[in-house]
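Trainee: Spelled out, the chains give:
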Amino acid sequence: MRNPYRTERIAFSLLFLATLLIVVPVGLIIVIIIQKGLPAINWQFLTDIPRQGMRAGGIFPAIVGTIYLVAGAILFALPIGLFAAIYLSEYSKDNFLTRLIRLAIVNLAGVPSVVYGLFGLALFVVFFKFGASILSGSLTLGIMIIPVIITASREALESVPYTFREVSLSLGASKWQTIRHIVLPNAIPGILTGTILGIGRAAGETAPILFTVAAFYLPQLPKSIFDQAMALPYHLYVISTQVPNVEEKIRYGTAFVLVALVLFMNLVAIVIRYNFRKRKKW
Amino acid sequence: MVKFQIKDFSVWYGSVPALKNVNMDVEANEILSVIGPSNSGKTTFLRTLNRLSDLQSGFRMSGDVKFDNQDIAGLDAGVVRKRIGMVFALPLPLPLSIFDNVAYGVRMHGLKDKRELAVRVEESLKQAYLWEEVKDRLGESAFKLSGGQQQRLCIARTLAVEPEVVLFDEPCSGLDPISTAKVEDAMVELKKRYTIILVTNNVKQAARVGDRTAFFLGGELIEMDSTEKIFTTPKDKRTDDYIRGKFG
Numbered sequence: 037m038r039n040p041y042r043t044e045r046i047a048f049s050l051l052f053l054a055t056l057l058i059v060v061p062v063g064l065i066i067v068i069i070i071q072k073g074l075p076a077i078n079w080q081f082l083t084d085i086p087r088q089g090m091r092a093g094g095i096f097p098a099i100v101g102t103i104y105l106v107a108g109a110i111l112f113a114l115p116i117g118l119f120a121a122i123y124l125s126e127y128s129k130d131n132f133l134t135r136l137i138r139l140a141i142v143n144l145a146g147v148p149s150v151v152y153g154l155f156g157l158a159l160f161v162v163f164f165k166f167g168a169s170i171l172s173g174s175l176t177l178g179i180m181i182i183p184v185i186i187t188a189s190r191e192a193l194e195s196v197p198y199t200f201r202e203v204s205l206s207l208g209a210s211k212w213q214t215i216r217h218i219v220l221p222n223a224i225p226g227i228l229t230g231t232i233l234g235i236g237r238a239a240g241e242t243a244p245i246l247f248t249v250a251a252f253y254l255p256q257l258p259k260s261i262f263d264q265a266m267a268l269p270y271h272l273y274v275i276s277t278q279v280p281n282v283e284e285k286i287r288y289g290t291a292f293v294l295v296a297l298v299l300f301m302n303l304v305a306i307v308i309r310y311n312f313r314k315r316k317k318w
Numbered sequence: 013m014v015k016f017q018i019k020d021f022s023v024w025y026g027s028v029p030a031l032k033n034v035n036m037d038v039e040a041n042e043i044l045s046v047i048g049p050s051n052s053g054k055t056t057f058l059r060t061l062n063r064l065s066d067l068q069s070g071f072r073m074s075g076d077v078k079f080d081n082q083d084i085a086g087l088d089a090g091v092v093r094k095r096i097g098m099v100f101a102l103p104l105p106l107p108l109s110i111f112d113n114v115a116y117g118v119r120m121h122g123l124k125d126k127r128e129l130a131v132r133v134e135e136s137l138k139q140a141y142l143w144e145e146v147k148d149r150l151g152e153s154a155f156k157l158s159g160g161q162q163q164r165l166c167i168a169r170t171l172a173v174e175p176e177v178v179l180f181d182e183p184c185s186g187l188d189p190i191s192t193a194k195v196e197d198a199m200v201e202l203k204k205r206y207t208i209i210l211v212t213n214n215v216k217q218a219a220r221v222g223d224r225t226a227f228f229l230g231g232e233l234i235e236m237d238s239t240e241k242i243f244t245t246p247k248d249k250r251t252d253d254y255i256r257g258k259f260g
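Residue numbers (this note's numbering), protein chains in the order written: chain H, 37 to 318; chain D, 13 to 260.
Treat the hints with care, since some could be wrong.
Unchecked claim - Mimicking DSS-like on lysine-lysine, the simulated pairs with C-alpha atoms at most 27 Å apart in a straight line are:
#, chain 1, residue 1, chain 2, residue 2
1, D, K203, H, K314
2, D, K78, H, K314
3, H, K211, D, K124
4, D, K78, H, K211
5, D, K19, D, K203
6, D, K19, H, K314
Just so you know, the hints here were simulated from the structure itself, not pulled from any lab data.
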């Protein structure tokens, strides 16, 4: 006869195993990066320009470049993504066209990043004549993360109970007042989750910046948004594959800084999100 | 004075009729109880009066609903909803403090002065018989109140925007008898200043507070008369059956 408790134990073991399979590689990556990269981290590595053909010195220009690019991408993508999400979930009617648009947005999130790179090259670098610049790179990264932000924001907006909107409207508030004072404040945690995902992607991708902004070797800081810049993911690619005889600890040190930078930016968003979640009272 | 004049009023959701050819007048400063089994159209009736039905997909109406001699379909929905307040079946506080819940509607209509807001909040809470219980903790989350207190908070919130009519949609369905009595006391007191339409599943409640009572069945208004007549000598047999609990 079948023993339901034994079946349950087997099922739980399988579920636990699956979780373990996910956690172990992530943990290993982090352990290896810390183990091999930490020795390279010192004040000079973080604040100096690369020297001796990137075999020595620091990675300061790449850190600055990545911060600029991520900030630019968020600055561009968050307002547009959020406004589009508000329109799609609060105002647009549910018909064939809007369903098609929603489907397209979800699919855009799955487009390979190198395609965004080519698109950015054609549109911003060539057509708008921004050249290879921080502006082109930020806009390209921004377009890449807009679908992520729209999808997360829409879910956040739609998870605010309908009754809240109904109460607000029943008191004579306009639809916009309802969105502004009731829906948005309660959707901010979810919107920030989308932003966190966006930050991670924008900071880590190499392909979109390859043609639009990244400099192979530029031992100085960008002076304006029309300058080229170094960026951590591309720099990592360069010193790992294009430049011979780079010490291993410099490569892992760069990876360590990239991961730490993304985690730090996420941490800021997580702290903001935590503070908003505390206010959630239903 | 007649507050609502309703003529040949029908409502559909998609192709499904929800109300069929309703004709009635609602007097100012009366409590009109609306009774009837589920799916009789009484909630639809209520939600159409303050244009909340507009939000539902497939909503369509025909006929005339005149509010102070003005066609409600011709007025701005926000204006209609401000003048015709609504208290819902379940207590639905907004995720704000007690004070901000009551002040919400008033703020949306442009009142910013803190002293005036405080006066308005206090008056409204007093009218809803809640002031004494919450006056020392206005800054707390509205979700910390009990169900009955939350419902009176919702009444205060509706009153704060100074409507002319208050619609109650089964306001006591989730409340215990003592909270129900408090809400009913508030309603009787409120009719001095407001016109009240009370939809209720509780026939006894309709008898207790209603000046007049309307009986809906299957989207039709079967009968409407003084509460006394409806409960002693109804004209229609179906009304009699319903209030005696033979169906519904």
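Trainee: Are the hints correct? Go through all of them and say.
Mentor: Consistency of the hints with the structure:
| no. | hint | verdict |
| --- | --- | --- |
| 1 | D/K203 x H/K314 | violated, 40 Å |
| 2 | D/K78 x H/K314 | violated, 46 Å |
| 3 | H/K211 x D/K124 | holds, 20 Å |
| 4 | D/K78 x H/K211 | holds, 24 Å |
| 5 | D/K19 x D/K203 | holds, 24 Å |
| 6 | D/K19 x H/K314 | violated, 50 Å |
Consistency with the previously given hints fails for numbers 1, 2 and 6, ordered from lowest to highest.
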